[in-house]
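Could you build all of it, start to finish, from the sequences and the hints given here?
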Amino acid sequence: LDMSISAQVKDSLKLGSAVLAQIGQVGRLHKNEVEQAGFVVLKAPDIPSILVETAFISNPDEEARLRDPDYQEKLVEALTAGISRYFAKNPPLARRRNLS
Numbered sequence: 042l043d044m045s046i047s048a049q050v051k052d053s054l055k056l057g058s059a060v061l062a063q064i065g066q067v068g069r070l071h072k073n074e075v076e077q078a079g080f081v082v083l084k085a086p087d088i089p090s091i092l093v094e095t096a097f098i099s100n101p102d103e104e105a106r107l108r109d110p111d112y113q114e115k116l117v118e119a120l121t122a123g124i125s126r127y128f129a130k131n132p133p134l135a136r137r138r139n140l141s
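The sequence shown maps to residues 42 to 141 in the numbering used here.
It is worth saying that the hints were derived from the structure and are not from the lab. Be careful, since some hints might not be right.
What follows is a set of in silico ranges between Cβ atoms, one per label pair, in the way DEER data are often shown [said to hold, decoys possible]:
id, residue 1, residue 2, range
1, P86, Q66, 30 to 38 angstroms
2, L134, A105, 40 to 48 angstroms
3, D102, L134, 14 to 22 angstroms
4, A85, A105, 12 to 20 angstroms
5, P133, G79, 22 to 30 angstroms
6, Q77, F128, 18 to 26 angstroms
7, P101, K51, 31 to 39 angstroms
8, I98, I124, 35 to 43 angstroms
9, A85, K130, 32 to 40 angstroms
In silico EDC-like links for lysine to aspartate or glutamate, alpha-carbon gap of 16 angstroms or less [as the list claims (entries may be wrong)]:
id, residue 1, residue 2
10, K51, E74
11, K115, E94
12, K55, E76
13, K115, E103
14, K55, D87
15, K84, E103
16, K72, D52
17, K51, E76
18, K130, D52
19, K51, D87
20, K72, E94
21, K84, D52
For every residue, glycine included, the Cβ atom is placed at its ideal position computed from N, Cα and C.
Here it is as structure tokens:
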């Protein structure tokens, strides 16, 4: 189980980095690196997991951006692009078997 969790953490960091790179193209990042947290939802041993904070509603400028439909669309596109890039480079094991 420890090895599968280590692999999951590694994959989660790769996924997080891919998503973070894309979100960074939409606006300024608060942190330039993926961080780890001990939330239960991030500890599934069999899938990469990420939690994305897109802005802070306690910041009036960021709250205003979150209310902007164009900004929302850019965030969705960035999230989608990051996830797609991750899976293009790291296809799920079942897909790798089918491609062989």
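Do the hints match the structure? See the list:
no. : hint                            : result
1   : P86 / Q66: 30 to 38 angstroms   : holds, 32 angstroms
2   : L134 / A105: 40 to 48 angstroms : holds, 43 angstroms
3   : D102 / L134: 14 to 22 angstroms : violated, 43 angstroms
4   : A85 / A105: 12 to 20 angstroms  : violated, 35 angstroms
5   : P133 / G79: 22 to 30 angstroms  : holds, 25 angstroms
6   : Q77 / F128: 18 to 26 angstroms  : holds, 21 angstroms
7   : P101 / K51: 31 to 39 angstroms  : holds, 38 angstroms
8   : I98 / I124: 35 to 43 angstroms  : violated, 24 angstroms
9   : A85 / K130: 32 to 40 angstroms  : violated, 20 angstroms
10  : K51 / E74                       : holds, 14 angstroms
11  : K115 / E94                      : holds, 15 angstroms
12  : K55 / E76                       : holds, 11 angstroms
13  : K115 / E103                     : holds, 14 angstroms
14  : K55 / D87                       : holds, 15 angstroms
15  : K84 / E103                      : violated, 29 angstroms
16  : K72 / D52                       : violated, 19 angstroms
17  : K51 / E76                       : holds, 12 angstroms
18  : K130 / D52                      : holds, 11 angstroms
19  : K51 / D87                       : holds, 12 angstroms
20  : K72 / E94                       : holds, 11 angstroms
21  : K84 / D52                       : holds, 12 angstroms
Hints 3, 4, 8, 9, 15 and 16 from the earlier list are contradicted by this structure; the remaining hints agree with it.
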